[in-house]
Amino acid sequence: MVVGEISQERELVIIGGGPGGYSAAIRAAQLGLPVTLIEQADLGGVCLNKGCIPSKVFTYAAKKKSEMSHLQELGLPAVEGTFNLGQLVSYKAKVTEQLRKGVESLCKANKVEVIQGKAGFIAEDRIGVENGHQFDIYVFKQAIIATGSSPVWPKGMLAGSSRVLLSHEIFSLTDMPKHLLVYGNDYISLEVATSFAALGAQVSVLLENTADFPFDESVNKELNRLLKKKKIQVVKEASIQSAEETANGVHVTVRAGGKEESLEGTHLFAAGSRRPNVKELGIDRFGVEQTDEGFIQVNGNMQSSVPSIYAIGDVTEGPLLAVKAIKQGKAAAEAIFGGKPEVDLTFVPAIAHTIPPIASAGLTEKQARDLGMDIRVSQFALGSNGYAMISGKKDGFVKVISDASNDIITGIHMIGEGAVELSGTFVQLLEMAAKEEDVKFPSYAHPSFNEGLLEAVEGLIGQAIHVAPKKRKEIKAT
Amino acid sequence: MLELFYKGGNDVLEVKLHDIGEGMTEGEILHYLVKKGDRVTADQPLVEVQTDKMVAELPSPGTGTIKEIVVDTGTTVQVGTTLLYIEAEGGAAASEDEPKRNEQVKTEAAAEKKTVKRAFASSFNRVLATPFTRKIARDNNIDIEDVTPMDPSGRVTEEDVYRFLRGEQEPQADTAVPEKQAVSDERALRQTAAPDEIPFRGMRKQIAKKMTKSLFTIPHVTHFEEVNMTNLLKLREELKAAGVSVSVPAFFVKALVIALKDFPVFNAELDEENDKILLKKEYHIGLATDTEDGLIVPVVHDADKKSIKEIHNDMKRLNEKAKNGELKPADIRNSTFTISNVGPLGSIGATPIINYPETALVAFHKTKKRPIVNENDEIVIGHVMTLSMSFDHRVADGATAVAFTNRFASLIEQPNKLMLEMI
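Respectively, the protein sequence lines represent chains V and A.
With the numbering used here applied, the first sequence covers 1 to 478.
With the numbering used here applied, the second sequence covers 479 to 901.
There could be a bad hint or two in this list.
[Stated by the list, open to error] Derived lysine-lysine pairs resembling BS3-like cross-links, with alpha carbons at most 27 angstroms apart:
id, chain 1, residue 1, chain 2, residue 2
1, A, K691, A, K712
2, A, K784, A, K847
3, A, K754, V, K366
4, A, K799, A, K787
5, A, K494, V, K340
6, A, K794, A, K712
7, V, K229, V, K366
8, A, K739, A, K683
9, V, K56, V, K340
10, A, K754, V, K230
11, A, K754, V, K236
12, V, K366, A, K688
13, V, K366, A, K683
14, V, K141, V, K56
15, A, K613, V, K340
16, A, K754, V, K228
17, A, K758, V, K221
18, A, K613, V, K435
19, A, K806, V, K366
20, V, K435, A, K691
21, A, K739, A, K787
22, V, K366, A, K687
23, A, K687, V, K435
24, V, K259, A, K739
25, A, K847, A, K687
26, V, K394, A, K754
27, A, K758, V, K366
28, V, K221, A, K783
29, A, K783, V, K259
30, V, K141, V, K435
31, V, K366, A, K794
32, A, K794, A, K895
33, A, K758, A, K794
34, V, K229, A, K754
35, V, K366, A, K691
[Stated by the list, open to error] Only part of the chain A face toward chain V is listed, based on derived beta-carbon distances under 10 angstroms:
id, residue
36, R616
37, N706
38, T708
39, D749
40, E751
Honestly, the hints are just simulated from the structure, not real lab data.
Glycine included, each C-beta is placed from N, C-alpha and C at the ideal position.
Please work from the sequences and hints to get the whole structure.
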């Protein structure tokens, strides 16, 4: 410590104002703790400003555009003119700004002190915040690190190309790509692929180093079928060797199935990977334990190896998802307050806002079988659902897996309209350890997509009403 | 996506004996690989356990320091018993909880483990209780895993937690009584003298389960074949004279792998869900082995990449391990085709049950001296072995199966042909 250093005292300091950080701040404030939130850029973090929200503006627009032809079937007039990407980008800016202002005013209303600047630890109980020429030091009782993660460029690609784009860049494009190459194997790659295809681009998916998509095998099969129908080419087990920008596009050398081939496109989107934003915090010097990949190790209370320091969200291990950060943020605040929170990520749903969307929670059929469980499996096609017929969204299905030994639902997977909103029911059922009867008993709105879930569960015992007897899948107990 | 994560619990991690396969119900603590005060990292082996037929290592569920070892070496304990506690990293608050934890250990020991075993609790960290019930348990410093559910499905209710809090553990067994009572009443009427009882559990029960599943799932067809072993036995004698001793089954495994490459449908698995037959690229040959406790199937992995001598050494090693109960889980996994060598015991034919989810199995019977007609139409003494091949008729048809055993027999009858397949 420098002699004569002036420091200010704070109770709880949270570094990073993303969804995890601001949720932690507001929850702590609700519990009566004085909170200081330090943010170096914009409140809302990557999620609100560059990730989840901007990408959903695009997927939403794409979905609406894909509905055009069906709307004309209903007698609604065709929309004249071409799609204006520039306008969508400004709409995105408007949405993110509104949401950001909402977060700012919530912080204010909860009396969360928001400090603009870049934070770095000086010791286990003090932190420096740099903002231009100003440098302030705060002594704290507890700190929560919520600094998130940053993209890492995939091998063989260089940053700075206007045609090779990562997830935070592609949703700021102002010119529609003619032929977009999508390189990745996660939900964001799929969202980019189906959205840009619906918005008018030719799309090729290079499935990064995996043989198939990350969902239940039946969902993967349906997804493959739908991509083919939309003329989206899928190259499996692909590994990009090099990507070069040419005069009017990108030239990509890809290795797939033991062969090298060249692909041309106008743009390349790469999902890339992410690394935790930990290095610049200076926590190494007082021994906050990290994994080999640099993630901060925490216990069930989100507490690091240094008791006064907590960590949440992308800087900790596990899926890099806002849903995890939000949950951990609230838990950390509650733990600091003296509560006994629990973060159990067993049933975090896997979601993709594709066309149609995908939602998946619990065990896949294969995972259940690999665990040696005796299971029942049932799949209900949305083609037999009344509301799917009305809305012209007949693709997809709901698939349910239950434990044959005790009737408890262990996995629900859906591809089709309404999947994302229905996923709330899926996780609810799984967290409540619901049995088949618990799903069959309630009354479901008619007509609605909810009935798809009901009939999938009824199908577990061969009682789905809208499935012809011969088509009923045998009750499979293994 | 959909990965399973370790459930973030309290500051103390409990390491319990869980079912590591083959339907084990109990295990003997052979020795601890760590001691109190040691720092351990996730997945580091903590303790060696002798189960019915295997020696298994239990890995650490997380990083921390060994706080207490509660079961002594040499003790045999039931599945579900807590063996040791690890103080998780950063868990400074744990000392406060200590007295309560220890009380729990006692309660648990007293409860004598009548717990309904929670399904797949060991590998899929799901808590079968509503979030509200879990909160009641957390708020009262109870590990919900310690609460015995009334519901036989393993679902823990609020009432179960409150009962646990009041210190009443048990009565759960009562719920199942009426049905069981009825069955035993009926038995009582029929039987006068009390029969001797053998507990139907552990490996025996596991074998029963596997066999039932295989036979009820796979439409089995079995055919028989005779193989003239004369040349192979001669070759083996020649090798022996040259100082190389190789068992006959090692030749069988090699010849089978060669035949399987020509008929990949027998080195396969039917994936009915996705309407696919998966032709395996690995050749892992399971060896049905008889032990005191029952049948176990250790596996010669990558038999296609091994010489006959290497296969022989593998088989010898696995057989010894099986006999001494030293097989590790890795030794009995992933077979793609199974053989049953019952020849040394006798018999001339069988209708073996396929090792599910494989598509075929071959049993080798006793080689006997028989009069055979040689190429000069003379009756001579030949060494003849019979084999029985069962296959999955959904996946293949009889003609293919016969072609397969013909190919196998030709390699054994003229073992010099094996040379042509050397890589």
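Results of checking the hints against the structure:
Between K691/A and K712/A, the direct Cα distance comes to roughly 41 angstroms. Violation of the 27 angstroms bound is thereby established for this hinted pair. For the proposed pair K784/A and K847/A, the alpha carbon gap of about 31 angstroms is over 27 angstroms, so the pair is violated. This hinted pair checks out: K754/A and K366/V have alpha carbons roughly 14 angstroms apart, not beyond 27 angstroms. At roughly 18 angstroms between alpha-carbon atoms, K799/A and K787/A fall within 27 angstroms of each other, so this suggested pair holds.
In summary, the hint linking K494/A to K340/V is supported, as the alpha carbons are separated by about 23 angstroms, within the 27 angstroms threshold. Restraint check for K794/A and K712/A: the C-alpha separation of about 22 angstroms stays at or below 27 angstroms, so the hint holds. Of the pairs offered as hints, the one joining K229/V and K366/V holds, with about 26 angstroms between alpha carbons and a cut-off of 27 angstroms not exceeded. For the hint linking K739/A to K683/A, the alpha-carbon distance of about 35 angstroms lies beyond 27 angstroms, and the restraint is violated.
Using a Cα cut-off of 27 angstroms, the hinted pair K56/V and K340/V is violated, with the two alpha carbons roughly 34 angstroms apart. In summary, the hint linking K754/A to K230/V is supported, as the alpha carbons are separated by about 25 angstroms, within the 27 angstroms threshold. Proximity of K754/A to K236/V is assessed by CA-CA distance (about 19 angstroms); at most 27 angstroms being required, the pair is judged to hold. Between K366/V and K688/A the alpha-carbon distance is near 18 angstroms, which keeps this suggested pair within the 27 angstroms criterion.
Between the alpha carbons of K366/V and K683/A the distance comes to roughly 24 angstroms, so the proposed pair stays at or under 27 angstroms and holds. Among the hinted pairs, K141/V with K56/V is inconsistent with the structure: their alpha-carbon atoms are about 38 angstroms apart, more than 27 angstroms. With a C-alpha separation of about 8 angstroms, the suggested pair K613/A and K340/V falls inside the 27 angstroms cut-off, and the hint holds. For the suggested pair K754/A and K228/V, the alpha carbons sit about 20 angstroms apart, so the restraint of at most 27 angstroms is met.
Note on K758/A and K221/V: the hinted pairing holds, with a Cα-Cα distance of about 21 angstroms set against a maximum of 27 angstroms. Of the pairs offered as hints, the one joining K613/A and K435/V holds, with about 21 angstroms between alpha carbons and a cut-off of 27 angstroms not exceeded. Distance hint between K806/A and K366/V is fulfilled; the C-alpha atoms sit about 24 angstroms from each other, no more than 27 angstroms. As the CA atoms of K435/V and K691/A are separated by approximately 24 angstroms, the hinted pair is consistent with the 27 angstroms bound.
With a C-alpha separation of about 20 angstroms, the suggested pair K739/A and K787/A falls inside the 27 angstroms cut-off, and the hint holds. Restraint check for K366/V and K687/A: the C-alpha separation of about 20 angstroms stays at or below 27 angstroms, so the hint holds. Taking the CA atoms of K687/A and K435/V, the gap is about 24 angstroms. The hint holds against a cut of 27 angstroms. Among the hinted pairs, K259/V with K739/A is consistent with the structure: their alpha-carbon atoms are about 24 angstroms apart, no more than 27 angstroms.
Taking the CA atoms of K847/A and K687/A, the gap is about 38 angstroms. The hint is violated against a cut of 27 angstroms. Distance restraint check for K394/V and K754/A: the Cα-Cα separation of roughly 26 angstroms lies within the 27 angstroms cut-off, and the hinted pair is therefore satisfied. As the CA atoms of K758/A and K366/V are separated by approximately 17 angstroms, the hinted pair is consistent with the 27 angstroms bound. A distance of roughly 34 angstroms separates the Cα atoms of K221/V and K783/A; the hinted pair therefore is violated under the 27 angstroms criterion.
In summary, the hint linking K783/A to K259/V is supported, as the alpha carbons are separated by about 25 angstroms, within the 27 angstroms threshold. Proximity of K141/V to K435/V is assessed by CA-CA distance (about 46 angstroms); at most 27 angstroms being required, the pair is judged violated. For the given pair, K366/V sits about 34 angstroms from K794/A by alpha-carbon distance, which is inconsistent with the 27 angstroms threshold. Taken as a hint, the K794/A and K895/A pair is honoured in the structure, with Cα atoms around 25 angstroms apart against an allowance of 27 angstroms.
Distance check on the hinted pair: K758/A and K794/A sit about 25 angstroms apart at the alpha-carbon level, within 27 angstroms; holds. Simply put, K229/V and K754/A have alpha-carbon atoms about 22 angstroms apart, close enough for the 27 angstroms limit, and the pair holds. Between K366/V and K691/A the CA atoms are separated by roughly 17 angstroms; this keeps the pair inside 27 angstroms, and the hint holds. Because the smallest distance between the Cβ of R616/A and any Cβ of chain V comes to about 5 angstroms, under 10 angstroms, the interface hint for this residue holds.
A distance limit of 10 angstroms between C-beta atoms decides the matter here; for N706/A the minimum to chain V is near 41 angstroms, and the interface restraint is violated. Look at T708/A: its Cβ only gets to about 45 angstroms from chain V, farther than 10 angstroms, so that hint breaks. Given hint, D749/A at the interface with chain V, holds; its Cβ is 9 angstroms from that chain's nearest Cβ, closer than 10 angstroms. Restraint check, E751/A versus chain V: the minimum CB separation of about 6 angstroms is within 10 angstroms; hint holds.
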